[in-house]
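Novice: Chain by chain, the residues run as shown.
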Amino acid sequence: MQETISFTPQLAASPIAEILWLIPAVPMVASGVIALLKQPKRRTAAALAIGSLSFSLLLALLAFVHVAGAWALGGGIRETVNFTWIQVGSSHVELGWVLDPLAAVMLVMVAFVGLLIFIYSTGYMEHDENYTRFFCFLSLFAGAMLGVVISNSLLLLFMCWELVGLTSYLLIGFWYQKPAAAAAAKKAFMTTRVGDVFFLLGIVWFFAQTGTLLFYNGGAGSLEPAALAALLAQHAALGLTAAGAIGLLIFAGAAGKSGQFPLHVWLPDAMEGPTPVSALIHAATMVAAGVYLIARVYPLMQAGALTGGTTTALTVVTWVGAFTAVFAALIAVAQNDIKRILAYSTVSQLGYMMAGLGMGGVAVGMFHLITHAFFKALLFLGAGSVIHGCHEEQDVRRMGGLRSDMPLTFVTYAIGMLALCGFPLLFSGFWSKDGILEAAQHWSVAKAPFYMLVFGALLTAFYMTRQVGYVFFGYWRGHKTAHESPAVMTVPLAILAFFAMALGVIGTPAWPWFRAFLDGRALTFHMDGFAEPGLIALMGGSTAVVLLGLGLGWWLYGGQAPKPEQPDVLEKAVPVPWGWLHNRLYVDELYGVTVIAFYEWWARVADWLDRRVWGGAVAGVAWLFRGWAQLNRFLDTNWVDGGFDKGCEELATGGGLLSRVQSGRVQTYLRLLALAVVALVAILIWSSRA
Amino acid sequence: MEMIFYGLAALTLAGGLAAVLLKNTVHCALALTVAFAGLAFQFLELDAQFAGFAQILVYVGAVAILVVFAILLTRGSETPMDGVFSRTWLAGLAIAAAVFAVLSWAVLGSTRALPGPGGAPAATPTATVMQIGNALMGRYVLPLEIVALLLTAALIGAVIVAMHEKAGSL
Amino acid sequence: MTPLAGYLLVAALLFAIGLAGALTRRNAILVLISIELMLNAANLNLIAFWRYGPHPEALTGMMFAIFSIAVAAAEAAVGLGLVISIYRHAHTTDIDLMNRMKG
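Chains as they are written, first to last, in our numbering: chain A, 1 to 690; chain B, 1001 to 1170; chain C, 2001 to 2103.
Chain A on its own, in the form it takes in the complex:
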């Protein structure tokens, strides 16, 4: 259900809001300090990173308590602290941060999951020689992500967004000596870049229209009613209002970051990075930043909607999300790399989140984001544990029977898997996914997304069972014996597993705390929340779908997973569709022949231009100068020097000539004397005459 939300804006920020900026700043500073450390100081680096994030977590919890306390007293609060960053003449560029329920829950989630993954990494990356660099980047990422969460200005958000993208690039390409990793990092950066271009256009347009980049500014912010009304009055192309067009542009940026179709291609390749990176960045937090962005600018996306209706922007978001959910789930069915299955699963779940935002509003989408963060991080860390235990093996066809060798990993992994599938009642995924399905069921525009999402749920259960069957059941098909991971890795798994189950509590219809908290409404526990029409039927239906998927998966893969050389069961049955799905529906190849080919052609053109035209011009100028220099040298040698030399020669010759006067002969002197006398006398006579 979508409702307009209004908060009581605070006039003066509370102390915790004043120091909110420390939450992203401290990990960033820690990152800087680690960067200055020399390689061998592993313990210092890890301690700095974990310590700074713990501090941020502490502050985040304090902020959460503050907001929750204010909510409990009745009414949500939103506190902003804004300041002027640049002043050019009379126009200002302002930045600021905001503390409201949305920011508070996201802060706690990011800091908590991040901290668990940091601790996990000390075990996972123990044998890596670039341990310090890893924690430097991780810490920088944590700071940037927290910056995205609290920023009140679209500009500050974009800056931290870019920083998040940078650290993602650095971490995907952490093992840069591997060509595949370096290529994957570049792919990630460039694909998100495409989205970011549209995002930047949206920001510029937004700023031009509203005159401010702050979201909330005591009535003058860009997401507040006055600015939104102005945006609605403007009309852009294709029957959109300015609000709708800007919303779509911002969604393009979110689609890049959150791996929606068609910009999803980088996420599976990003699995080249270390598993903690995959867990933190590409499951729990960074990819969720896109969803968070849409949630943040939701008033813009929703502007102009009539009560119970929807806007063009949100419709687009829904369709893209639903399509991505099914598309990625299909591909996940036919993958053999343990992390790649999870990557496509993430893409699919992000599609669910987007669809939830589009159809159900901020609370629906964000609830699934929070629960997904926990169980997807759990699944990735579990996969990392499996990989670590199988001596860096990643192909599921070479694993098997790990149920007995790695019991703790198995139990936690199973909990995560069931949460992802949406197993009823006990697991948080069930409640969050059902929230989305319920919103889809009641969507006014079309029913197709609902059926797509249901089909997606079936596929999710199927492929996850396939994966678990391959990895944990059957017999061991690997080379060396597998072993359980150390405690520093399994304890975070256990903690995440606990939350994967427990978080469901805050989203049940009986006690929808999450929604109420985000909306700023009061709340009571009431079992007749279940009495909404069609709700029980929906819950039953989704349970049936999940069980169907689990059963299918177990039937095909549950006991007797084939040898690695033999093809997959499904592959034998339907080889051609399997081939398409295994090759990821040829999206990368399509990009290769269109975008990449064009780009290469353009690069060649530019190279030719550069070398021939500009280079030629520069060479021409240089040639001109050389010619000039040659001319100067010629002039200097022949005219100046030559002239001077000639002059000296003439002087010498003249001197030689003159010296002949000194013949040494007296008579010559006498003659000259006489001549001089003649001349003198003549002058005298002449002058006396005149």
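Simulated from the structure, these hints should not be mistaken for lab results. From a predicted model like this one, the values you see are computed outputs, not experimental measurements. Check before you lean on any hint, since a few could be wrong.
[Claimed, not checked] With a straight-line cut-off of 20 Å between C-alpha atoms, the simulated EDC-like cross-links for lysine to aspartate or glutamate are:
1. A:186 x A:588
2. B:1023 x C:2096
3. B:1023 x C:2094
4. A:646 x A:636
5. A:480 x A:395
6. A:187 x A:162
Given the structure of chain A, go ahead and fit chains B and C onto it with the hints provided.
Specialist: Frame of chain A, contents of chains B and C only:
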């Protein structure tokens, strides 16, 4: 009495020319003596008796003899192989002619400043020996003493020049 | 032409003759002879001016001429002594060959 003037002038000039042109150096010295004599007579003609006699005494009696001595001492009587005149004698002659030209130009150009053909001034000037003596001891005593010094120096110098050579070479 | 002018011309001509001799003859002694001629010409000039010029009673010209004679005599003596000593050194009186001061 212009005939005397022309005659004496001719004598002097002839003697001078001969002194310059003759090949035998001794002949030149003797011609020089004739020129000196001619000049002395011209002084007498000009009522400068003392100068005239001094001329004869000094020039004819001493200088000419000295020149002859020098010639004899330097075997100047022998005529050199490649002529007595320098190779560029024409240039010298030309210059001398130029000098004469300019001097005569000066002389002839200023005739108006000179007294007219009335000739001599009213009275023939007297330059008795007593007057000359008085002048020497009176007005011209300083030049006289200096000339004396000069003569002494010349005497000593000539002796030294001749003597050094003697001690060095032989 | 006044008598003075005549004497002056004669003196000038004698001077020129002496100069010609000094400039053209190769024997050093002949150069000295020519110089004596020039000096005598100057003396003639002096006496002529004394006789025909104003104030002959001051005896200036006469005195000058007398001093000139004295000095000329001294100079002739010294000069000839030099020529003799040069002759002893170089065994020739040809002044064309005496160019050790050549520059």
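Novice: The structure should be examined with respect to each hint, and the outcome stated for every one.
Specialist: Against the structure, the hints come out as follows:
Restraint check for residue 186 of chain A and residue 588 of chain A: satisfied, since their Cα atoms lie roughly 14 Å apart, inside the 20 Å limit. Distance restraint check for residue 1023 of chain B and residue 2096 of chain C: the Cα-Cα separation of roughly 17 Å lies within the 20 Å cut-off, and the hinted pair is therefore satisfied. Taking the CA atoms of residue 1023 of chain B and residue 2094 of chain C, the gap is about 14 Å. The hint holds against a cut of 20 Å. Between residue 646 of chain A and residue 636 of chain A the alpha-carbon distance is near 13 Å, which keeps this suggested pair within the 20 Å criterion.
The suggested pairing of residue 480 of chain A with residue 395 of chain A holds, with an alpha-carbon distance near 14 Å, which does not exceed 20 Å. In summary, the hint linking residue 187 of chain A to residue 162 of chain A is supported, as the alpha carbons are separated by about 15 Å, within the 20 Å threshold.
Hint compliance for this structure: every hint is met.
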